[in-house]
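The lines below spell out each chain.
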Amino acid sequence: MSFDASLLGRFLRGEKRACARIISIVEDRRRGYEEYIEALQPHVGSAYVVGITGPPGVGKSTLINKLAAEFLASGANIGVIAVDPSSPFTGGAVLGDRIRIGEIGMNPKFYFRSLSSRGSLGGLSEAAVDIIRVLDAFKKEVILVETVGTGQNEVDVMRACDTTVVVTMPGTGDDVQAQKAGILEIGNIFVINKSDRDGVERTLRELQSMLMMNPLNEKYETPIILAKSNIGEGISAIKEAVDRHRAYLESSGWLSVKRSERNIRAFRNLVNSKLIEEIGLRLSQHNDYGRLEEEVKSGALSPHRASIQIMEYIKGKILHHSAE
Amino acid sequence: MSEKIKVLIAKPGLDGHDRGAKVVARAFRDAGFEVIYTGLRQTPEQIVNAAIEEDVDAIGVSILSGAHNHCFSEIMNLLKHNQVDDIMVFGGGIIPDDDVAYLKSIGVAEIFGPGTPTDDTVKFLKANVRKGNE
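Going down the list, the sequences are from chains U and V. Counting in numbering that gives the first Met the number 0, the first sequence runs from 0 upward without gaps. Counting in numbering that gives the first Met the number 0, the second sequence runs from 0 upward without gaps.
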């Protein structure tokens, strides 16, 4: 199935199913998906992307639902992408983030899409970035992206967002520690949810002391917001904090820097994954590759030695071509 | 990345018994499907909207309250109305044989009653779901 101009036309007329279908094409990397991305390019650039991350059980889905309602009330057109892990064994997944969508689910200005992380093959962040583009072209003004924020893949998704909100809750001191490497450095707003629980002062102190280690920024102070998202408390403060961070990024010029960096990362990631796919496919069809695998399997050749032989072979091919 | 079978598991109506729905969801996950679970007490409108937004291949409806004839026909009508009736609908729960015949007559692909091995449901989907190409 290749590029379908009528599908694109339906998309541009605002038909939800066409949007859903194009998202699937992009997500599955079906043949010709790049043509859709290219065709949407002139319509992209107006959406503001907010990443929301934190360990399972801190109340992200409820918070996102309430935050989306707050943005909808301000008149904005909202998209949500919720990333859930897939089984590394079967690749299957049960995606349950829709459970928390309340009455806003039927609002015509609201679009919610679940996305599975699809095992360890990588590509999650590229797919997520492309789906963000699709929703942007679908006239979504604010796009909320939810992840559990563990692992490089999900950190990469958060790096693709304009503002990143890190959600935690009292009594998860160890989680904060575990998250230090990666997500915490890129948090622009911190939320302590379920703030009526014991230990909120301690969590607040831990976050404050960690933020003090960040380089001083006179123009933007990273806020820590206490929230009880189940009853809607703190939600308007989170929205205001997002608006403030956005205003800071826009006035300081950082927004365009961030977005150029995002484009460069997307380009590099795409080249990497396409190289692996293309060369991997050709290698696997090559006779010598099967022989090397057999030798590694039998122990006659070490994995490292075999990989060196493969690389010499590839380099030989490239040098041969560039000499022509 | 490959294309996967995507299934929406939906619980319409007022009964709160979603054990069956969750067992099926898990069996599908283990078969490598992507399952989107809606949660309890969904209206037919919410179910069809979710199916459109998630671009699923099939909707599995679990219902034990006795309101199946009403719920299924609402869902089938809404799918037609939204021009997405290529999405396959199947069901499970407590549904009398007479009603099964009626449900099939309005386009429900299959009803899996209590005690159906989950493998049968998995096989049925693999055999009957058309990967959505327009």
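Since the hints were made in silico from the structure, they are not lab data. Predicted model only: the values in this text are computed from it and were never measured. Hints should not be assumed to be uniformly reliable.
As the list claims (entries may be wrong) - For lysine-lysine, the following DSSO-like pairs were computed, each having C-alpha atoms within a straight-line distance of at most 27 angstroms:
id: 1; chain 1: U; residue 1: Lys15; chain 2: V; residue 2: Lys122
id: 2; chain 1: U; residue 1: Lys227; chain 2: U; residue 2: Lys257
id: 3; chain 1: V; residue 1: Lys125; chain 2: V; residue 2: Lys79
id: 4; chain 1: V; residue 1: Lys21; chain 2: V; residue 2: Lys103
id: 5; chain 1: U; residue 1: Lys108; chain 2: V; residue 2: Lys79
id: 6; chain 1: V; residue 1: Lys103; chain 2: V; residue 2: Lys125
Verification of the hints:
Of the supplied pair hints, the one linking U/Lys15 and V/Lys122 is violated, its CA atoms being roughly 30 angstroms apart against a limit of 27 angstroms. Distance check on the hinted pair: U/Lys227 and U/Lys257 sit about 31 angstroms apart at the alpha-carbon level, beyond 27 angstroms; violated. For the hint linking V/Lys125 to V/Lys79, the alpha-carbon distance of about 23 angstroms falls within 27 angstroms, and the restraint holds. At roughly 24 angstroms between alpha-carbon atoms, V/Lys21 and V/Lys103 fall within 27 angstroms of each other, so this suggested pair holds.
Of the pairs offered as hints, the one joining U/Lys108 and V/Lys79 holds, with about 22 angstroms between alpha carbons and a cut-off of 27 angstroms not exceeded. Distance check on the hinted pair: V/Lys103 and V/Lys125 sit about 19 angstroms apart at the alpha-carbon level, within 27 angstroms; holds.
Comparing the model with each numbered hint stated earlier shows that hints 1, 2 do not hold.
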